[in-house]
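Asker: Protein chains in written order, with our numbering: chain A, 199 to 743; chain B, 5 to 469.
These are calculated hints, taken from the structure and not from any lab test. Cβ coordinates follow ideal geometry from the N, Cα and C atoms, glycine included. One or more hints might be untrue.
Stated by the list, open to error - Pairwise CB distance ranges, derived in the manner of DEER restraints: (1) A:Arg366 with B:Ala190: 29 to 39 Å; (2) B:Phe85 with A:Gly700: 34 to 44 Å; (3) A:Asp244 with B:Phe85: 29 to 39 Å; (4) A:Val524 with B:Pro427: 43 to 53 Å; (5) B:Glu373 with A:Ser696: 55 to 65 Å; (6) B:Pro345 with A:Gly681: 35 to 45 Å; (7) B:Ala310 with A:Thr347: 41 to 51 Å; (8) A:Arg366 with B:Pro345: 29 to 39 Å; (9) B:Ala344 with A:Asp738: 48 to 58 Å; (10) B:Ala209 with A:Met439: 23 to 33 Å; (11) A:Arg281 with B:Val348: 24 to 34 Å; (12) A:Arg366 with B:Trp113: 34 to 44 Å.
Stated by the list, open to error - From chain A, some residues computed to sit far from chain B (all C-beta separations above 12 Å): (13) Arg233; (14) Val255; (15) Gly323; (16) Pro359; (17) Val407; (18) Ser446; (19) Pro528.
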Amino acid sequence: MKGPSTADATATSTSTSSGDAWEELVTVALLGTDRRTPPGHSPGADAPTALLDAAAVQTVRRRAGLRPAPAAARPARAADDPRPPLPAPARRRLAMLLTDRPGTGGGRRGTAPDLMELLPQWLAGANEQGYAAPPDLLPALLDAARGRTDLRPQALTFAGPRALWLARLNPDWKFALRSTPGGGKALPAPEDAADVQRLWEEGLFAERVTLLAAVREHSPAAARELLATTWSAERAEDRLMFLDSLRSGLADADEPFLEQALSDRSRNVRATAAELLSALPGSALAARMASRATSCVAVDRTQGAATITVEAPHECDAGMERDGVVAKPPTGRGERSWWLGQLVEATPLGGWTARFGGRTPEEIVALPVADDWQGELHAAWCRAAVRQRDAVWSRALLGAPASPDAGGPGAVSLSERAKLLGSLSDGERAEWVAGFIATHGLSEAFQLLGVCTQPWAEPLGRAVVDALNIARDAGSYPWSFSGVMGLAERCLDPAEASRLDGLTATPDEPEDAAPGAGGYWSEAFQRLVSTLRLRRAMRDELRET
Amino acid sequence: MTQQGVRWTADQVLALAPDAPSRKAGSKLGVAGPWSEAGSSGEGMVWGLCKGSGSKPYQTVVDVADAAGPAYKCSCPSRKFPCKHALGLLLLWAGADGSVPDAQTLPDWAEPWAEGRRKRAQTKRETDASGGAAADPEAVRRRAERRAERVTAGASELEQRLADLLRGGLASAEQAGYGMWEETAARMVDAQAPGLAARVRELGAIPASGPGWPVRLLEECALLHLLDRGWLRRDLLPAELAATVRSRIGLPSSADGRPTRDRWLVLAQYDTADSRLTTRRTWLHGTESGHTALLLSYGAAGRAPALSLPVGLALDAELSAYAGDGQLRADLGEQFTAPAPSPVRPKGAGVAEAAARYGDALGRDPWLESWPVTLSRVVPTPDEASGGWQLADADGDLERPDPAGAASERLAVPITPKAASGPGLWRLAAVSGGAPVTVFGECGHRGFTPLTAWPEGPGEAVALC
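This is chain A alone, in the form it adopts within the complex (with noise of 0.2 Å):
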């Protein structure tokens, strides 16, 4: 017999050809003892058990004897992260949020909050306190990023460096080198000239852009002369990426620059260059497009009340085409008021108030206007305001939120609307948006509550809260407002929770009501209650000490 205390005896006996005597037996049990003899054994009926006994002993004295190997070359360290770690509660917390992946429950959703959806926050919140990621939990945090590209600049800013070091091995996660500055490299110090010039001139295409956009933001100047030195030379493509980071920090400085690039040999390239100028009210773009415009618009007392009437331009010559009008409109659209449109929305509105007689911009925006105009000359106006963010501007065009026409079909659109808010203050915004609610209720609030800062403002929470109780009432279904159902989840005051609770039971139902819409309704009344106390459990734990 060939035991296991054989096979002990056997392991420490020492054989310089074991791991030939291996081959051979594996070459004898392949093909068979009835074709090959097991070596040191005459063939017969006992072959196969003198194969199994000997490949027995090889077996556990190959396992036995396994050598370590020499170590590969070791990766290099993860840079330090200096942040404070997370405290506890807040560690367990983001644990939770990532392991609610979508698509792992489906179907309805019952009365139980979205964690997904919540990660945004988590985050946010965490970089404003500024923790570091607990090392663990980061493949999770990555994937999740990974799937959403919305969640990426926070989620890689709270990741930190030790993030980019496990990007570099998993090619999963290659997104984290792309979108972070420099692949992940230190950038040089904006201030460091020839460093910056250096990565400059030999840096790839990303590099280049995030370089740009920091010089950009520690000098305007600097940035605009770094781009000139090459300018020329670089692709269309890569030019019009460039001039785009100008946007940020535009100035009156910019427009030698601009101008010169209006006679740029692309024509994406000339058309953003004339957008930027025009955004600049003294360039002399603004001034040229304001003088075509003026001729364009007047006001025509002789009818007794003052109205806006419109000449439209006749033609698109060479000076408006590179000032970057584009000349053929989309088809459908007539040329004459396609060109209008372009003027007025590249002329500075502070001019407008002079060419009306002094003018406000309410006084302006309620004139009549003559001939069917009056969409043309305010849809303009609207991108104007928008473009140059100018508040009064935005204030007056939106009018006033109860007003009748605010939510039918009026001269501004829902999406126009929801620009113009963005250029007024959060404050005045939320105000905006709950007056609105107010009065046309929730149908076509979606998009004007999606530029509200988060958390909403008091006014307009509350306006939600009772235009949701007023759906509940009127018997339809919740899922008909289920986007502003998910918004409010996000967004509503973690305080006004206990406001709330009086919405979470099941009322009785009335006659005309949807059937079982009460409970349905209650239901999320109760997803939007537990997902506020989670925010504010949340919010809590990230502030702990």
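Model the placement of chain B on the given structure of chain A, informed by the hints.
Answerer: Quick look at chain B alone, frame taken from chain A:
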């Protein structure tokens, strides 16, 4: 022994979940929102009303004090066990934020169930005290004999089949496919030798397992042959080795070793599941004795094993070892304290030492796949030559410095391909960040399976499995 008054950790609760969706659903319910009238009693009862989609809230009550694992009751229709409400309630209770206050009296709806449990526990204690109905020793012996005869017949038949296979050559096994092995495995089940049946079933998968399969098939055939022979000649083996053979064959054994009391640190806990059974392995480390022990607990498919000991906790308890030389399996006996977080880390060894320990252990149990080892100061390192990963000593082997005085060559053990392709590898890499870490895992002939890691500096244990 109850764990009165000590609230669990969230990890401990989540390990009770039967599957990932339950864990997620339970996590979502672990907030105060849907709960009302929740409370917990000093006897280890936790209860609460959970608002669901219906008008009547679900009534959930859990008994966490039972040493055999928690018991649950919930008025929801879910077939999951425990249901998400029970998990959510326990999470809320574990959170200890005041949503589940300590209370003296149970609500009326929970009282009958708690009362029933108290009565049953009382009856059980009385039967235990009276020694229960002792089995007829003669009948037990006869049954064991009959089973041994069956196993012997099975082992002889298996020997015959192995001999036939080797006579015709392993090359023919590639064509034969699963069928032949499945049939043989079924014969071993009939022979009441589940250990043999499981090994035979695994043989069937080897021919399709990629390059090098003949080597692996011969190894496994040879070890199976060794086990057969061990059984057939068990009378000639030393008692310890014979016990090992019996447990490898799959005969029932019991933890009849002397209970050893220690402060046991939970090193790792992981589940493996097949179609019928979920097996949970829990590795414990005696912080005073330095011993390592393995607890096994089982759950029917779809149910989590009742024992839940999250990594990083330590408990003062008695363990009774199973018979067999080098046998690490033990049963959890009396627990003197509830599991609580512990800063203790196991003492680690270098890579060379880890391989040597597995070799030593094979001398006592040649069928061992791997041996539990803690490696200290190792760096998870991508190995470009093999495309895999390894755990490499951070420093050269200090015991064998080369004559020039510099530390000798650094050594490394490969991480098993299975472990290297899982999410645990990236957690390991993240915890390390290129710095040396302490890693507990199973070191075997296929390589090292990392189960738990501790960072270089201070920090909690990170479960990798």
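Asker: Looking back at the numbered hints, which does the structure fail to meet, lowest number first?
Answerer: 1, 3, 9, 10, 12, 13, 14, 16
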